[in-house]
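Number of protein chains: 4
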Amino acid sequence: MEAMIAEDGVAKSNQNREKAMRADYAALGEQLDRRGIAIDAILKKVEAFGVAVPSWGVGTGGTRFARFPGDGEPRDIFDKIEDCAVIQQLTRATPTVSLHIPWDRADPKRLKQAASRFGLGFDAMNSNTFSDGAGQSLSYKFGSLSHTDAATRRQAVEHNIECIEIGKELGSKALTIWIGDGSNFPGQVNFARAFERYLEAVKAIYAELPDDWRLFTEHKMYEPAFYSTVVQDWGTNYIIARETGERAYCLVDLGHHAPNVNIEMIVSRLIQFGKLGGFHFNDSKYGDDDLDAGSIDPYRLFLVFNELVNAELAGAKDFRPAHMLDQSHNVTDPIESLMLSVAEVQRAYAAALLVDREALAGYQQDNDALMATQTLKTAFRTDVEPILAMARFNRGGAIDPIAAYRASGYRRKVAGERPAVASGGGGIV
Amino acid sequence: MEAMIAEDGVAKSNQNREKAMRADYAALGEQLDRRGIAIDAILKKVEAFGVAVPSWGVGTGGTRFARFPGDGEPRDIFDKIEDCAVIQQLTRATPTVSLHIPWDRADPKRLKQAASRFGLGFDAMNSNTFSDGAGQSLSYKFGSLSHTDAATRRQAVEHNIECIEIGKELGSKALTIWIGDGSNFPGQVNFARAFERYLEAVKAIYAELPDDWRLFTEHKMYEPAFYSTVVQDWGTNYIIARETGERAYCLVDLGHHAPNVNIEMIVSRLIQFGKLGGFHFNDSKYGDDDLDAGSIDPYRLFLVFNELVNAELAGAKDFRPAHMLDQSHNVTDPIESLMLSVAEVQRAYAAALLVDREALAGYQQDNDALMATQTLKTAFRTDVEPILAMARFNRGGAIDPIAAYRASGYRRKVAGERPAVASGGGGIV
Amino acid sequence: MEAMIAEDGVAKSNQNREKAMRADYAALGEQLDRRGIAIDAILKKVEAFGVAVPSWGVGTGGTRFARFPGDGEPRDIFDKIEDCAVIQQLTRATPTVSLHIPWDRADPKRLKQAASRFGLGFDAMNSNTFSDGAGQSLSYKFGSLSHTDAATRRQAVEHNIECIEIGKELGSKALTIWIGDGSNFPGQVNFARAFERYLEAVKAIYAELPDDWRLFTEHKMYEPAFYSTVVQDWGTNYIIARETGERAYCLVDLGHHAPNVNIEMIVSRLIQFGKLGGFHFNDSKYGDDDLDAGSIDPYRLFLVFNELVNAELAGAKDFRPAHMLDQSHNVTDPIESLMLSVAEVQRAYAAALLVDREALAGYQQDNDALMATQTLKTAFRTDVEPILAMARFNRGGAIDPIAAYRASGYRRKVAGERPAVASGGGGIV
Amino acid sequence: MEAMIAEDGVAKSNQNREKAMRADYAALGEQLDRRGIAIDAILKKVEAFGVAVPSWGVGTGGTRFARFPGDGEPRDIFDKIEDCAVIQQLTRATPTVSLHIPWDRADPKRLKQAASRFGLGFDAMNSNTFSDGAGQSLSYKFGSLSHTDAATRRQAVEHNIECIEIGKELGSKALTIWIGDGSNFPGQVNFARAFERYLEAVKAIYAELPDDWRLFTEHKMYEPAFYSTVVQDWGTNYIIARETGERAYCLVDLGHHAPNVNIEMIVSRLIQFGKLGGFHFNDSKYGDDDLDAGSIDPYRLFLVFNELVNAELAGAKDFRPAHMLDQSHNVTDPIESLMLSVAEVQRAYAAALLVDREALAGYQQDNDALMATQTLKTAFRTDVEPILAMARFNRGGAIDPIAAYRASGYRRKVAGERPAVASGGGGIV
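Chains as they are written, first to last, in UniProt numbering: chain E, 1 to 429; chain Y, 1 to 429; chain B, 1 to 429; chain L, 1 to 429.
Mixed in with the good hints, there may be bad ones.
Copies of the same chain look alike in the list, so a pair counts if it works inside one copy or between any two.
[To be verified] Listed below are the simulated PhoX-like cross-link pairs for lysine-lysine, each with C-alpha atoms no more than 25 Å apart in a straight line:
id : residue 1 : residue 2
1  : Lys203    : Lys173
2  : Lys203    : Lys12
3  : Lys413    : Lys141
4  : Lys275    : Lys19
5  : Lys112    : Lys203
6  : Lys44     : Lys317
7  : Lys45     : Lys109
Quick caveat, the hints were computed from the structure, so don't treat them as lab data.
Turn these sequences into a full structure, and let the hints guide you.
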């Protein structure tokens with residue numbers, strides 16, 4: 001397996017930190033032991049946990065006002081795969097990359113080869129009918145899968161089928177559909193007819209889905225449409241999954257909900273009715289801010305994982321949620337943000353594993369609200385960093401991925417190889 | 001038919017206003033004629049339109065901080081029916097009263113008699129398991145239909161069945177269930193189990209529903225529960241209606257949604273999937289403010305009616321939404337607020353009837369967003385007051401209900417008969 | 001004065017509509033007369049009312065996901081001025097254009113000449129330190145006026161001073177500052193120090209402001225910064241205006257507030273404390289959606305104008321608010337959207353002029369909440385379209401600007417002259 | 001000093017836990033030592049930290065829908081003081097009680113005596129003009145300090161002055177004013193005149209404030225008023241404090257803001273301009289939910305304390321914020337909720353003390369957003385429970401206050417002494 005970062009640099013970085021990590025791990029182990037928890041069992045679960053990295057996540061994001069590129073921006077999907085390999089090398093928790101077509105369109109053989117150099121696989125394929133690609137004959141300005149024009153809908157369906165075809169060659173097992181279709185004005189769109197058209201189009205895509213694939217549809221309250229959005233919430237998303245078929249599931253992006261909404265409850269509902277497909281992890285304070293996972297409200301992330309672990313332990317039917325990060329890194333080095341975001345997701349998972357579920361069930365039964373919530377809080381406030389560090393270390397990664405990454409000079413190196421990109425923005429306000 | 005307000009007073013009030021009303025009606029008729037609309041057809045529809053008044057709406061509301069009673073507060077359901085009769089007499093648009101048990105518990109025969117004096121009928125029955133009634137054996141502090149304790153759930157189910165029994169005697173044809181079950185702390189409740197228990201309880205109630213009745217369940221984002229609510233949104237409500245049975249429908253209260261949510265789109269979805277039961281009309285700026293219908297965002301109310309009229313004209317399957325006001329009148333005379341709120345609901349209906357739907361469908365097909373939204377705006381900004389006034393006048397009501405009511409001295413009169421109530425509040429903060 | 005649209009086409013369009021308009025105007029005049037209002041006085045005020053058009057508003061907007069250009073997009077500020085001339089010709093309510101530097105940088109003499117061909121003047125100058133311009137030496141990626149680096153702050157200050165210099169040549173009398181400075185992560189920025197730096201920089205700009213100019217600063221809750229924004233709300237904006245000097249004022253953009261916020265109350269506060277500078281009109285349902293003014297919540301726009309008219313009639317001290325549209329037209333012809341938006345702003349103004357303020361003051365004094373709010377509603381629901389149409393007609397514009405514009409074939413013509421632009425987007429997600 | 005809970009019971013509870021606590025404390029000390037932090041210095045600060053308990057907090061709260069009383073509810077202020085003594089005995093972090101007049105009106109001598117039995121002092125006095133007290137001559141239905149009627153305003157001013165008088169006898173040093181004045185309908189209130197009246201009334205109260213007292217005014221977005229509130233946000237609150245005088249400060253209640261608002265930034269602004277008076281701690285998910293501090297978003301509470309500790313260490317001018325809990329306990333034993341809430345506030349304080357501020361300042365200067373936010377996260381995720389437990393233990397309290405409290409049987413005991421209260425609610429909907 002190739003390594004983008006020199007192994008000896010990682011080893012040296014770990015050497016300086018191993019002793020402290022082991023001390024912290026031991027102290028935590030002792031504390032957990034007192035609480036009746038075997039730390040090694042938790043460690044094993046954390047080691048087995050993985051999150052997919054979106055190919056577009058390793059480039060610098062932006063807003064409609066501007067994009068301020070970083071140094072050494074990846075030029076194409078092959079550069080992106082190398083950046084993803086860095087993340088996987090140091091965190092050992094991101095074994096797959098999620099592609100976005102047409103941005104990542106390339107010869108599938110070359111893609112497989114490029115990924116296999118680093119032992120990387122391919123997660124869900126992502127289609128794009130929210131912007132017009134070069135040479136595209138019909139525009140998505142007024143919609144794609146729900147467009148009033150049948151030819152435009154057909155073009156959008158065919159694009160999704162192409163994504164499946166590419167994915168089949170790459171070993172992907174899922175297609176994720178997120179569209180921006182909607183309206184900016186009351187009356188612009190007939191809600192019911194638009195949704196009928198959408199359902200018909202999704203069913204046409206589903207008809208081409210291989211038997212061992214899953215279809216993920218994603219809801220979002222608003223943006224890019226600012227009055228109505230065709231898949232605006234989990235209620236509509238649930239109907240889609242239900243009407244489309246057994247292998248159709250709902251994808252939850254943590255930033256796609258109305259203010260104040262209880263997201264963990266939506267997660268529970270989708271699990272209960274067998275329709276949770278997976279997640280786009282990120283965090284948000286206002287809208288679809290696409291901030292780093294756990295950076296704004298880490299307790300909310302924990303509460304989501306509390307539902308996931310609960311379902312996992314209860315053996316919920318048809319429960320195998322896909323995990324993917326989906327973030328926009330505007331002011332940080334994307335590789336660094338992704339490495340820390342993976343750790344935040346692992347942290348939420350590890351903490352959720354510490355919940356004393358038997359005690360919790362008892363408090364719930366007895367309506368002992370205070371002790372029930374304390375049971376969650378006790379798990380949440382436990383500092384599981386030693387477990388995460390040990391998991392990385394055991395699997396060949398870095399105890400402190402940021403430190404190892406910065407010490408490696410990777411960003412400086414690629415900045416020398418990849419030409420600088422001009423700042424963008426202006427005009428779209 | 002008895003009249004609570006002296007008929008000659010109403011006649012005198014109308015006399016002063018009839019000429020101006022006829023002039024405005026004629027001018028509007030001319031304008032509508034130019035737009036290809038026959039004003040008399042609109043008038044006829046408005047005359048046939050009715051909204052139920054909630055019995056509790058004629059009392060002064062309050063908040064957890066205080067209740068400031070008004071003069072002449074109704075002492076019991078019989079006083080309330082008299083107040084409702086005033087509203088119907090002057091507006092001729094509120095032919096039914098919606099009862100709330102146990103608040104309105106009384107001998108059904110007496111209730112029917114009291115209502116029939118004024119030609120009033122009974123709309124949906126409302127059960128109450130969000131507070132503990134006098135002499136109730138098990139408390140709803142920790143839930144009712146979703147309580148962890150089976151006996152408490154059974155008690156709540158039986159209360160709903162009692163509501164059906166009373167309603168059967170009164171000629172009601174629907175039961176509305178709104179519960180406050182939920183939690184104030186993460187972990188207090190197991191979301192999935194609570195919802196399973198809820199579904200089981202609702203099915204037990206549904207089993208007792210007469211064949212010609214409908215069951216309405218109401219969703220609400222929060223309050224009185226402040227972390228999670230068992231029927232938190234239309235997605236959950238839709239699942240309930242779907243799982244429960246053919247005669248189970250969703251009720252939409254305009255103030256029960258997350259900030260910024262597109263409510264008219266939810267209305268469209270429920271119509272499309274055959275599960276819109278009806279409305280609790282009111283308005284809100286922040287939460288479940290229970291303000292007067294149309295008082296904060298009249299265009300939103302119009303957009304809701306735009307969906308309803310669209311479905312009505314399209315002959316949507318199983319479409320016969322129940323209309324009820326559900327408001328809290330804290331600083332106004334409840335009778336006045338209810339009379340104006342009825343007018344606001346009629347206004348939204350009348351304006352929605354003016355939408356040029358053929359033109360609209362064309363603009364939608366062509367993605368002419370500007371003309372589509374203008375088509376709605378043209379209808380909305382038409383001042384339909386002359387139509388509403390004429391509808392009231394034609395059916396024996398008041399051209400200006402507030403003026404007629406104030407001139408009648410009704411409030412002064414009942415304030416003399418009904419003893420003053422002490423201010424409440426304090427302690428619940 | 002040159003005309004971009006053939007005058008005879010406009011005349012013909014008006015000819016078809018004049019009779020109906022006069023009939024409607026007469027009927028409305030009669031109704032208002034009964035209400036004690038002289039329609040001609042209202043007409044005169046509406047005729048005198050003007051709104052500035054932002055130069056960037058005539059181009060098609062977009063989101064971070066995509067931009068879908070329209071036909072005949074303006075290539076430069078001179079094309080933009082021609083488009084603005086169309087709007088002014090047909091609406092007669094947009095006598096000035098507001099420039100944005102560097103986007104509109106050009107020889108001031110040529111700019112003046114270009115505008116004077118159409119009798120257009122220049123409104124407030126807008127600086128841009130939220131994106132990096134070509135050839136700019138220091139980046140605004142991490143801030144501009146509040147940047148931690150003094151040289152970057154100086155560059156941003158100098159850019160604003162340059163805007164003043166250009167504006168002086170053009171006859172502008174105000175500088176508007178909106179910046180995106182803020183942070184995406186807790187801890188990224190020291191709130192207090194950043195605000196100190198901001199205040200220092202604004203004072204340096206203010207020091208260069210000519211005596212007869214005003215400085216407008218604009219607040220915004222979020223975007224492009226997603227955790228904190230240096231001028232996040234009116235409270236901070238008020239402090240800025242207060243600390244900076246007498247000619248420093250707050251600008252209110254209707255889409256820049258937290259969900260549910262009572263904007264008309266903020267307007268009242270700023271008037272009361274002498275710091276309301278003016279408006280960026282638009283509408284929003286979710287965030288800074290930049291939708292067409294009045295398209296989502298026309299009553300809110302009316303309530304804002306209710307405050308403005310109240311202050312105007314009361315002779316509030318130092319009250320002369322600047323009016324500007326600031327919208328993003330993603331799915332409509334920008335010229336059409338701007339023409340209708342101007343009409344919506346005029347509509348709100350005209351309706352607010354109809355409020356019976358003496359009656360209102362009496363109801364307020366007596367706490368007659370119902371009649372107070374009815375007094376506003378009566379004004380709002382009056383269809384003032386005949387007044388707006390007559391104002392346009394009297395001043396040489398079009399009774400129906402959209403119809404006249406579409407009939408003129410202007411968009412088709414410029415689409416032939418101005419080369420098509422490729423769709424954008426993709427990559428910034 | 002008297003003890004409400006048997007001392008030997010507490011000792012026994014501690015005995016079982018001391019060894020584990022010491023082990024955890026030692027392990028944490030070692031870890032902090034590696035990070036350059038002396039745990040004992042942190043411990044000392046935590047030991048010195050106190051939060052006031054509101055007298056009304058020890059009673060069960062409720063909503064407008066219902067109140068479900070708990071066992072052994074305090075009958076009067078003397079029962080409440082005993083409950084507060086329990087909290088202080090076990091947590092050793094709540095040395096003062098905050099009274100609410102008229103609810104707690106009693107002979108000041110008896111009050112002082114009752115409190116001094118337990119070594120308790122009195123924090124800020126709270127006035128109440130949001131509900132009508134028994135025997136009050138003029139109603140606050142339409143406002144108090146901002147009422148249109150001068151006599152009602154005078155009555156409200158005098159009530160506040162009475163609160164000062166009582167407070168002087170009790171040794172209080174601050175008056176907190178929160179009012180519900182506002183409106184439920186557009187037009188009901190003239191915003192500017194209402195605020196003028198409010199300012200005049202507050203100045204009249206301020207004129208009676210002793211020289212060593214402070215005046216705290218509290219803002220709140222909505223509830224009990226649902227369209228406008230006279231002190232709606234920190235901007236208005238800042239103007240009040242500024243216009244009123246040097247000893248006038250703003251009080252921040254964490255649940256009183258618009259959705260998504262960045263509260264820690266408001267805290268920073270108020271500190272920067274010398275007007276932060278203090279806090280009403282609680283948590284919220286939707287509105288003014290009054291949930292237990294830190295129960296919904298513990299990271300937000302930490303971020304607030306990050307600002308406070310930053311100001312404390314920087315020696316911000318005139319910085320001595322008052323800390324008070326203000327919560328509504330609807331489903332828990334209030335004593336338990338208050339004990340845990342105090343711990344959550346201490347936890348946020350302790351964690352904020354662990355922030356490496358020198359490193360943070362460097363990252364901020366260099367725009368290293370990732371390391372800046374990690375610096376906060378590292379502090380936040382440190383489990384400081386051993387420090388809190390040791391602080392309680394060292395000062396004579398309980399290592400685990402909930403366990404000690406439950407073991408004591410206190411609630412059972414008072415339930416035997418204090419008569420049961422009937423469930424309330426119903427009618428106010």
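#### Entry: Structure versus earlier hints - violations, ascending order
2, 4, 5, 7
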